[in-house]
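> Each chain, written out:
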Amino acid sequence: MPNRTMTRGLGIAYAIAAAAVAAAPLALNAYWIDVLNSVGLYVLLALSLNLILGDAGLFNMGHAAFYAVGAYTSAILNTRLEIPILWTLPASALVAALFAALVARPVVHLRGDYLLVVTIGLGEIVRIALVNDVFGLTGGANGLFGISRPTIFGHRLTSRKPQEFLYLIWAFVAVTVFLFHRLEQSRFGRALNYLREDPIAAEGSGVNTARYRLLAFALGAAWAGMTGTLYAAKMTIISPESFGSWESVVIFLMVILGGAGSIPGVMLGAALVVILPELFRGFASARLLVFGLVMMVMMVFRPQGLLPYRLLRFKESDLRRAEDAP
Amino acid sequence: MEQFFQQLTNGLAVGSIYALIALGYTMVYGVLRLINFAHGDLFSLGAYLGLTLLTSFALQGRLGLALGLLVLAVMVMGLIAVVGVVLERAAYRPLRDSPRLSAVVSALGASIFLQNALMLVYGARYQVYPDILPQASIRLLGLDVPVMRIVVVLVAVVMMAGLYVFVQKTRTGTAMRAAAIDQDAASLMGIDVNRVVRLVFVIGPALGGGAGLLVGLYYGQVGFTMGWSYGMKAFTAAILGGIGNIPGAMVGGLLLGLVEAFGAAYLSLAWKDAFAFGVLILILIVRPSGLLGERVAEKI
Chain L
1 MPNRTMTRGL
11 GIAYAIAAAA
21 VAAAPLALNA
31 YWIDVLNSVG
41 LYVLLALSLN
51 LILGDAGLFN
61 MGHAAFYAVG
71 AYTSAILNTR
81 LEIPILWTLP
91 ASALVAALFA
101 ALVARPVVHL
111 RGDYLLVVTI
121 GLGEIVRIAL
131 VNDVFGLTGG
141 ANGLFGISRP
151 TIFGHRLTSR
161 KPQEFLYLIW
171 AFVAVTVFLF
181 HRLEQSRFGR
191 ALNYLREDPI
201 AAEGSGVNTA
211 RYRLLAFALG
221 AAWAGMTGTL
231 YAAKMTIISP
241 ESFGSWESVV
251 IFLMVILGGA
261 GSIPGVMLGA
271 ALVVILPELF
281 RGFASARLLV
291 FGLVMMVMMV
301 FRPQGLLPYR
311 LLRFKESDLR
321 RAEDAP
Chain A
1001 MEQFFQQLTN
1011 GLAVGSIYAL
1021 IALGYTMVYG
1031 VLRLINFAHG
1041 DLFSLGAYLG
1051 LTLLTSFALQ
1061 GRLGLALGLL
1071 VLAVMVMGLI
1081 AVVGVVLERA
1091 AYRPLRDSPR
1101 LSAVVSALGA
1111 SIFLQNALML
1121 VYGARYQVYP
1131 DILPQASIRL
1141 LGLDVPVMRI
1151 VVVLVAVVMM
1161 AGLYVFVQKT
1171 RTGTAMRAAA
1181 IDQDAASLMG
1191 IDVNRVVRLV
1201 FVIGPALGGG
1211 AGLLVGLYYG
1221 QVGFTMGWSY
1231 GMKAFTAAIL
1241 GGIGNIPGAM
1251 VGGLLLGLVE
1261 AFGAAYLSLA
1271 WKDAFAFGVL
1281 ILILIVRPSG
1291 LLGERVAEKI
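Protein chains in written order, with the numbering used here: chain L, 1 to 326; chain A, 1001 to 1300.
Treat the hints with caution; some may be incorrect.
[To be verified] In silico negatives: residues of chain L with every beta carbon more than 10 angstroms from chain A:
id, residue
1, Gly11
2, Ala15
3, Leu94
4, Gly136
5, Thr158
6, Leu183
7, Gly189
8, Tyr194
9, Ala210
10, Ile237
11, Pro303
12, Arg310
[Claimed, not checked] DEER-style ranges, computed between Cβ atoms:
id, chain 1, residue 1, chain 2, residue 2, range
13, A, Ser1187, L, Glu197, 25 to 35 angstroms
14, L, Ile200, A, Val1157, 38 to 48 angstroms
15, L, Ile200, A, Asp1192, 26 to 36 angstroms
16, A, Ile1132, L, Trp246, 33 to 43 angstroms
Because the hints were derived from the structure by calculation, they are not lab data. Just so you know, these numbers come straight off a predicted model, no measurement behind them. Every residue, glycine too, gets a C-beta built ideally from N, C-alpha and C.
Next comes chain L alone, as it looks inside the complex (with noise of 0.2 angstroms):
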């Protein structure tokens, strides 16, 4: 059944963007280019991001602390051990789920307030903890750098060509939004919209609420890690500053900013948070003034986000064949 996952409409969308990208460049000078680049990167966080804040409803605000556990997972794999940086991508994808789920143990539990203060620490205290060179690994705050440039199919992807990267990171959204569109629909998905909307009717009808919560947490946090391997591919030095407080703030305002739950809604938010400061370069120093303005005028005006999420509707026959599945 492959048209259940998304509208006609949707599907047009999402064809018209993938034309676009290939097609940038051809009509987009680098910069421009590495502007496209960052979008794609944020655009993985942010959908990642998502699951947590948007399907489970987690109010997550130290989405940094993955993103840096799987850059400096893949950094260190591939400057101490010289595993090639693209092959690290399941190993950062591991470290990153497993900490989160260590980390987000014992606090899943809290209320949404009180969770979004504990996850703004624990991004600090990572931070901190990689300034402070923990386990003498981390290069403290100068960071990693040396990290080998990315090879497919003994090609070796280079900083002079950044259409390479558009390519390598651009192909990964594609993958990520396909899967997360089957993710939205499967049990897990459904169980994570439960839970958001009303905790103790899922825990009634069988969600063990808890381990969701913990599932969705791994889940958005291997898909960090793993855009934190691209950002070290492609950057080759990584360093704390990157991984900040600020960082996990702007992830948090592309999903509430496009439609917390919504995986094009979030997409159109991390482009917008990405582009608009570039447009407004012409206000120099002023932009971050004028983009605050833009945050509390959107919210005012349409507070459920750009592209807001909409619940999911089946058809009938979608119904029955599913009570006649085994």
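Given chain L, work out where chain A should sit, using these hints.
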């Protein structure tokens, strides 16, 4: 032993500043269930306004040190209260019935706006307060304690005690507590909830602005990003004490100040900022609603 007492007084001074800021967070949260992220920036706005008024009017020269500072404090607190009320009207009231996260994002937008406005007006570099206070220290129990440290603690304690009496003993304070428990029931009892909210946005920002002035006078310099770090610590303090609970904010603030001072002195200076959050996580594991929080868990 000397070091212990120095850190004790230092921690109490920093803690009372955290407590003053935390009161603004906890009062707003108590009534609106909103984390007012812009509160930290109102605090730094207070510090900068204090600097401007101090340098341009030189009140302490005309009115004498004590009276001059008092007038200065009243001016700063009044101005910040005005900003707070405007902020509530423009950025929060339209969102009162929206999803809670929209209000959080509006608050973050307000915070970014204020922070960058400060940067544009005053520049990105640290600003130094003029040296108007005597650098004296007094001997207390056999050790030298800077006068300013004692002043900070005393001022904070007086303001907090005043607030506590106001909230517990006056009619308006009772209305405030009622609105915090149940807005609908309170308005059925004839309480003007909008008025209560406005009052909260007068008192909270005024205390925060006062704390900003104290920080400027105590540390002698202010930066435009300090709102975020002080704000986060203060909010942590509010949660530690049990958010929505006024004595809780005071206890949480003082506790946090002491933890930081002792942690930095005896454990590790480099990890200073991590202690506050570490303690928060530990306490929330044991008591999910904070030290003095009694409100039962609500549905999210």
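> Next, verify each hint and record whether it holds.
Checked hints:
Even its closest Cβ contact with chain A, about 28 angstroms, leaves L:Gly11 beyond 10 angstroms, as expected for a residue assigned away from the interface. Remark: the non-interface label on L:Ala15 is consistent with the geometry, its nearest Cβ contact in chain A lying 30 angstroms away (cut-off 10 angstroms). The beta carbon of L:Leu94 is kept farther than 10 angstroms from every beta carbon of chain A, the shortest such distance being approximately 24 angstroms. For L:Gly136, the non-interface assignment is confirmed: its Cβ lies about 14 angstroms from the closest Cβ of chain A, beyond the 10 angstroms cut-off.
L:Thr158, annotated as away from the interface, keeps every beta carbon of chain A farther than 10 angstroms; the closest lies near 35 angstroms. For L:Leu183, the condition that its CB be more than 10 angstroms from all CB atoms of chain A holds, with the nearest at approximately 21 angstroms. Here L:Gly189 stays apart from chain A, with its beta-carbon at least about 19 angstroms from theirs, past the 10 angstroms limit. Here L:Tyr194 stays apart from chain A, with its beta-carbon at least about 13 angstroms from theirs, past the 10 angstroms limit.
In this structure L:Ala210 is separated from chain A by more than 10 angstroms, as the shortest Cβ-Cβ distance comes to about 13 angstroms. For L:Ile237, the non-interface assignment is confirmed: its Cβ lies about 22 angstroms from the closest Cβ of chain A, beyond the 10 angstroms cut-off. Some Cβ of chain A comes within 10 angstroms of the Cβ of L:Pro303; the nearest lies about 4 angstroms off, and the non-interface call is violated. The beta carbon of L:Arg310 is kept farther than 10 angstroms from every beta carbon of chain A, the shortest such distance being approximately 14 angstroms.
For A:Ser1187 and L:Glu197, the Cβ-Cβ distance of about 27 angstroms falls inside the hinted range of 25 to 35 angstroms, so the restraint holds. The hinted range of 38 to 48 angstroms is satisfied by L:Ile200 and A:Val1157, whose Cβ atoms lie roughly 42 angstroms apart. Between L:Ile200 and A:Asp1192 the CB atoms are about 33 angstroms apart, so this pair conforms to the stated range of 26 to 36 angstroms. For the hinted restraint 33 to 43 angstroms between A:Ile1132 and L:Trp246, the CB-CB distance of approximately 35 angstroms keeps it satisfied.
Violated hint for the displayed structure: number 11, the only one.
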